[in-house]
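**Student:** Residue numbers (UniProt numbering), protein chains in the order written: chain A, 1 to 237; chain B, 1 to 237.
Taking lysine to any residue pairs in the SDA-like style, the calculated list, with each CA pair at most 20 Å apart, reads:
| # | chain 1 | residue 1 | chain 2 | residue 2 |
| --- | --- | --- | --- | --- |
| 1 | A | K51 | B | R149 |
| 2 | A | K57 | B | E143 |
| 3 | B | K129 | B | M230 |
| 4 | A | K58 | B | A106 |
| 5 | B | K67 | A | C150 |
Not close to chain A: a few residues of chain B, all C-beta gaps over 12 Å, as computed:
| # | residue |
| --- | --- |
| 6 | E40 |
| 7 | E47 |
| 8 | L48 |
Listing some non-contacts, in silico: residues in chain A with all C-beta distances to chain B over 10 Å:
| # | residue |
| --- | --- |
| 9 | S46 |
| 10 | S52 |
| 11 | T85 |
| 12 | R121 |
| 13 | D133 |
| 14 | I223 |
Calculated directly from the structure, the hints in this document are not laboratory data.
Each residue gets a CB set at the ideal place from its N, CA and C atoms; glycine is no exception.
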Amino acid sequence: MEACGEEVQVKLLGGSTSPYVLRVRIALALKGIHYEYIEENTQNKSELLLKSNPVHKKIPVLIHNGKPVCESMIIVQYIDETWDTRAPFLMPKDPYDRAIARFWAAFIDDKLLPCIRAVFRGLGEQCQKAVEDTVANFLILEEALRTNLCFSGKAYFGGDGIGFVDIALGGTLAFVRALEKGTDSVLIDAEQMPLLSAWMDRFCEADGVKEVMPDPVKLLEFICATRVKFASLPAAN
Amino acid sequence: MAREGERGQVKLLGATLSPFVVRVRIALALKGIDYEFIQEDLKTKSELLLQSNPVYKQIPVLAHNGKPVCESMIIVQYIEEAWDNKAPNLMPKDPYDRAIARFWAAFIDDKLFPYLRAALFGQGEQLQKAVEDSVTNFLLIEEALRTNRCFAGKAYFGGDEIGLIDIALGGMSTFIKAVEKATDSVLIDPEKMPLLTAWMDRFCKSDGVKEVMPDPVKHAEYLCARRASMVSPPTGN
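Given the sequences, and given the hints that come with them, work out the whole structure.
**Tutor:** Right under this line is the structure:
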């Protein structure tokens, strides 16, 4: 068997509607890494997925030379560190700037995404409360864009080019926009969040990103169909 | 003003019993970094804390040359990277091993700690469920110690020396034992988790660790008191 190119040994187990998977696809696209994409059915998980991520049994999983890496932002750091001579560099070089990048990526995972999930799953008042919480967290990000010395006045959180925080947040944008339509709500208000809105447009049109963005129509269909299912579940006491 | 040495000025805002603060103290101790410890009163947070961590207003916060770093495992990685020429190295060199280290550190924060906390403040069925979930997750860590090639047969998760995962979990040692006392439950059963038990003993006796670990008796008393004040007596169904 001929020696395979470095990239042939890269597989990504994913799902077309997942913001977490999208983050990884963006990182791979930016670095120009070829990979085999395997669409998982989360209702019927493959043996490979269960074997590769026995702890969480979730996508995305990056499999490089047969070795699985799990958790989207851990995968993004892994991609940056493994293909470390290939631009763009997704993490800053300076330790302090790296700590700031990790802080905001963690904020997006620990504070913002749970609220977005609550909007997705919530109905009526619960959904409304989740919308308010989501907006509050986006406002914190708007404030960071405005005042944090690492970010303010730059095209991206990563500076002149897309970086770690851009990927963490940017991966969620397609889902957020579809969710706004699906719940008839506004999560990123252009007037209240001018910097975030401008950043969002810039990010979604960037090379590497625009090619992997999911079909917004399909994503909206998925969100609406799933919300109908949530609505038909018996109400919890 | 004299030029500050490489170390510069290091301050740690914290509380001696917080497992998150203990993690940072262990990393600083292992690297031999001098610092000023500022004990925070969590009921009346200092201006410095509120200014240094406006997003979460929580300890620990490491201030290095006046610049704040927040979130315990982000601080630990910062310490490793800012003092990267000082042994020991807290992170592996290989990108895959680093991804594994980050995976388990995240597991401890995202999957284990919430259940420990739920057990601490839970009663009746809630307590029982939280204890079961904690035990399940400790068993996953025991399994990893037994079978994961990065860890199996080694003194620590980090290999011959303490590393990221050791700090993430080990920093919680007295907290875990105190939760056991406060809830009268067994979370780490030496018979079911021999490797974890041996690792924890070894960790707690290590140089750098033993000097900063909270007094287990004080920690247990503190958590018992906190539990008593949070858990209201059952009013009957």
